[in-house]
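Asks: Chains A and B supply the protein sequences, listed in that same order. According to this note's numbering, the residues represented by the first sequence are 6 to 427, in order. According to this note's numbering, the residues represented by the second sequence are 6 to 427, in order.
What you were told as hints is all true, and nothing was included just to trick you.
Here chain B is said to cover these stretches of chain A; the calculated rule only asks that three of the stretch's residues, wherever they fall, bring their Cβ under 8 Å from a Cβ of chain B: (1) 111-119; (2) 233-243; (3) 270-276; (4) 282-289; (5) 367-381.
Simulated restraints, written as ranges between beta carbons of each label pair: (6) I61(A) <-> G43(B): 48 to 56 Å; (7) R254(A) <-> R306(B): 45 to 53 Å; (8) E253(A) <-> T256(B): 46 to 54 Å; (9) G43(B) <-> Q330(A): 33 to 41 Å; (10) G84(A) <-> G43(B): 39 to 47 Å; (11) G43(B) <-> T37(A): 37 to 45 Å.
Bear in mind the hints are in silico, worked out from the structure with no lab data behind them. No residue lacks a Cβ here, since even glycine has one placed at the ideal position from N, Cα and C.
2 protein chains.
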Amino acid sequence: MQTAEQRVRNYIKENRIRGTRLLQKMVQEPSTRGEESGAQAVIIEKCRELGLEMDIWEIGSDGLVDHPAFCSDRKDFRGNPNAVGIMRGTGGGKSMILNGHIDVVPAGDPKDWDRDPFSGHIECGKLYGRGSTDMKGGNASLLMAIEAIKNSGIRLKGNVIFQSVIEEESGGAGSLAAVLRGYKADAAIIPEPTNMKLFPKQQGSMWFRISVKGKGAHGGTRYEGVNAIEKAILVIDRLRHLERERNERITDPFFRSIPIPIPINIGKIQAGDWPSSVPDLAIIEGRMGVAPNETQEEAKREMAEALSNLCNIDPWLKVYKPELQWFGASWLPGDLDPDHQLIKVLSESYKDVKGKEPLIEASPWATDGGILSKVGGIPVVVFGPGVTETAHQANEYIRLEDVFEAAEIIALTLLEWCEVSE
Amino acid sequence: MQTAEQRVRNYIKENRIRGTRLLQKMVQEPSTRGEESGAQAVIIEKCRELGLEMDIWEIGSDGLVDHPAFCSDRKDFRGNPNAVGIMRGTGGGKSMILNGHIDVVPAGDPKDWDRDPFSGHIECGKLYGRGSTDMKGGNASLLMAIEAIKNSGIRLKGNVIFQSVIEEESGGAGSLAAVLRGYKADAAIIPEPTNMKLFPKQQGSMWFRISVKGKGAHGGTRYEGVNAIEKAILVIDRLRHLERERNERITDPFFRSIPIPIPINIGKIQAGDWPSSVPDLAIIEGRMGVAPNETQEEAKREMAEALSNLCNIDPWLKVYKPELQWFGASWLPGDLDPDHQLIKVLSESYKDVKGKEPLIEASPWATDGGILSKVGGIPVVVFGPGVTETAHQANEYIRLEDVFEAAEIIALTLLEWCEVSE
Numbered sequence: 006m007q008t009a010e011q012r013v014r015n016y017i018k019e020n021r022i023r024g025t026r027l028l029q030k031m032v033q034e035p036s037t038r039g040e041e042s043g044a045q046a047v048i049i050e051k052c053r054e055l056g057l058e059m060d061i062w063e064i065g066s067d068g069l070v071d072h073p074a075f076c077s078d079r080k081d082f083r084g085n086p087n088a089v090g091i092m093r094g095t096g097g098g099k100s101m102i103l104n105g106h107i108d109v110v111p112a113g114d115p116k117d118w119d120r121d122p123f124s125g126h127i128e129c130g131k132l133y134g135r136g137s138t139d140m141k142g143g144n145a146s147l148l149m150a151i152e153a154i155k156n157s158g159i160r161l162k163g164n165v166i167f168q169s170v171i172e173e174e175s176g177g178a179g180s181l182a183a184v185l186r187g188y189k190a191d192a193a194i195i196p197e198p199t200n201m202k203l204f205p206k207q208q209g210s211m212w213f214r215i216s217v218k219g220k221g222a223h224g225g226t227r228y229e230g231v232n233a234i235e236k237a238i239l240v241i242d243r244l245r246h247l248e249r250e251r252n253e254r255i256t257d258p259f260f261r262s263i264p265i266p267i268p269i270n271i272g273k274i275q276a277g278d279w280p281s282s283v284p285d286l287a288i289i290e291g292r293m294g295v296a297p298n299e300t301q302e303e304a305k306r307e308m309a310e311a312l313s314n315l316c317n318i319d320p321w322l323k324v325y326k327p328e329l330q331w332f333g334a335s336w337l338p339g340d341l342d343p344d345h346q347l348i349k350v351l352s353e354s355y356k357d358v359k360g361k362e363p364l365i366e367a368s369p370w371a372t373d374g375g376i377l378s379k380v381g382g383i384p385v386v387v388f389g390p391g392v393t394e395t396a397h398q399a400n401e402y403i404r405l406e407d408v409f410e411a412a413e414i415i416a417l418t419l420l421e422w423c424e425v426s427e
Numbered sequence: 006m007q008t009a010e011q012r013v014r015n016y017i018k019e020n021r022i023r024g025t026r027l028l029q030k031m032v033q034e035p036s037t038r039g040e041e042s043g044a045q046a047v048i049i050e051k052c053r054e055l056g057l058e059m060d061i062w063e064i065g066s067d068g069l070v071d072h073p074a075f076c077s078d079r080k081d082f083r084g085n086p087n088a089v090g091i092m093r094g095t096g097g098g099k100s101m102i103l104n105g106h107i108d109v110v111p112a113g114d115p116k117d118w119d120r121d122p123f124s125g126h127i128e129c130g131k132l133y134g135r136g137s138t139d140m141k142g143g144n145a146s147l148l149m150a151i152e153a154i155k156n157s158g159i160r161l162k163g164n165v166i167f168q169s170v171i172e173e174e175s176g177g178a179g180s181l182a183a184v185l186r187g188y189k190a191d192a193a194i195i196p197e198p199t200n201m202k203l204f205p206k207q208q209g210s211m212w213f214r215i216s217v218k219g220k221g222a223h224g225g226t227r228y229e230g231v232n233a234i235e236k237a238i239l240v241i242d243r244l245r246h247l248e249r250e251r252n253e254r255i256t257d258p259f260f261r262s263i264p265i266p267i268p269i270n271i272g273k274i275q276a277g278d279w280p281s282s283v284p285d286l287a288i289i290e291g292r293m294g295v296a297p298n299e300t301q302e303e304a305k306r307e308m309a310e311a312l313s314n315l316c317n318i319d320p321w322l323k324v325y326k327p328e329l330q331w332f333g334a335s336w337l338p339g340d341l342d343p344d345h346q347l348i349k350v351l352s353e354s355y356k357d358v359k360g361k362e363p364l365i366e367a368s369p370w371a372t373d374g375g376i377l378s379k380v381g382g383i384p385v386v387v388f389g390p391g392v393t394e395t396a397h398q399a400n401e402y403i404r405l406e407d408v409f410e411a412a413e414i415i416a417l418t419l420l421e422w423c424e425v426s427e
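Isolated chain A, as found in the complex (with noise of 0.2 Å):
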């Protein structure tokens, strides 16, 4: 007679094909914003079929857009719903969030992808496409875990809520919504990109647009205006700068091995119509990080007065003032206590799975885990297949090795925390 635990690995081991073409018909449904229904179905399908008891809903109602953290500028969630799965348990036993979003952030240029960006071509153990690391083998993941379980005929004391949620990478509008509908837990693992490694601490971030004015002129008398984009380069040599100040004082070990702890990213830069004009106007977008131990006013601030100082010596920019606005989208820190039982409890099933133990670190991006944490007031682990590097950007793969593993560390921390009833 096997154990709980040689039942549910045995059936990830045995099942692995599953898994993948699960993991390949979300690949291939590009959900980008706006666009989610499509993997959404497929999700829901999978949960219909595991018998989880769903919930599925279009977002906006509940408060959500008057909420101090809602930060979206999206204006239309019809059509794109959430969907929550539950595994309810016999009760007595703890609860478990399994977090993840469905959004994946847009392909950029398809020539610099080797194949179709939504392929979910496989080759040497390897599935390509946008999404496939950001995080729906993640998502593959929670679910190959809930129905080994289910699958296995073990049956939990705790409730284990899966949550498929939008507009994670737009600020987390998605995974609020479902706070705020009521679901809450005793822990949550949300499985984003982390090599495998376990990160009880998040970075937050933020949206900013600076907008820098120039004067414009014909541009064969360009030295008559000010070239918007000569200013805007100076706006980003600042930024820079600020980016040095505020790495150099972090000290928390956590951040030890990562080269920039709480970047600040220049995302986009658009100024000028014209060819043959001195543009007027540029506008930088791009995201600040945050640290776990500060709060979002408090870099905010920093940002405020580094384009101040600017200003101070640049005559053009005293005069003309670069704009700041902080938009879209923004995602609160996360920090649990890297002693906290979850990640006790994790760190155990990952050495059973891999013999070895884990790598605890902070995240260098933010995730959904603050809004579960310092909203919804649940400890939240994030930990997940992906592979860091390549998440958002052209050839963006996961070994489907990680994936069948993190469902087996999954599986076996869910036996564990919500207890199998006997």
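Following the hints, complete the assembly by docking chain B onto the known chain A.
Replies: The following block gives chain B in isolation, referenced to the frame of chain A:
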């Protein structure tokens, strides 16, 4: 009994309100690229009123698109015709082309304007609006000059060919079409905004596009990517350096008072599509000035070399070389001998009206003069009432006094050049 000169000058003085209304109507028709028909209708109505022989045609035939000097990315010229109006001479005199473009550059950010960009508002002797200076004011001077001669009952020996062309701001396809349709003359005046200076020489120019590759990554681990914006900044620095090198070589005294005789304008930059991603592509667009005494090919070669030198010092750019394209617009430089009879006649007319010698310089920007002279073989001078430094910028305006004086100067030039028929 008044001389012909006195009669046309008095006519213009007495009909300033008519001229102002004409210009206002022209400015109030926003003739940005692809939307030229409304302003052309105002011109055509005026030409018909003056009894000119009209030739109105949609450009694109006569071998236009296959001509080596054709340079346009516009696919469709339908509905926005060129218009030519001929005041036929009695025979025996020299002919004159009066050429003006009807297209205007985009208005830019409307918030930078004190009023609607196409208001035609008049205040303190200035008429405001996109295109007022570049170059509807000059066109108004041409039409006032023709009207003054016609309505003063004067007949000229030589033909006067008035051309209202499209596409000047995008590379001169309108003027090229007029040349290819067979319009020739013994001289041409183009009343671009020269601040009432005479420009026998004109800077040529060409549009370029430089695509700079980066490597995408999640903004939270931006050190795993290569930001295309940072690489684009290196390219912009190199272009500034090239601009300095090229301008240090300019010794032509006609360029003496021009801070940057042949500028390289950075008109546009676009990179990235997501604040949280490291952008993998930046596209720079701009305009490169060409000296009157160099060929476009020589200038193109220099830019290619400058980029190639940059690639030699940056390891990333050495592998991912920026891609240089010449696209859209291209204007040939103009290089008329300052002792040409056209300059002498125009200078005399200038002295009659202004009571002083004109300033004769090289133009800091390209005009359709390059096409009329290099393709059409027509001696060209650029001279007009517009205020150079307001062209292509917010709150563009023209001084109405200059419009009227330019009309007088051009009318006197026509009387002398084409000769009054007894």
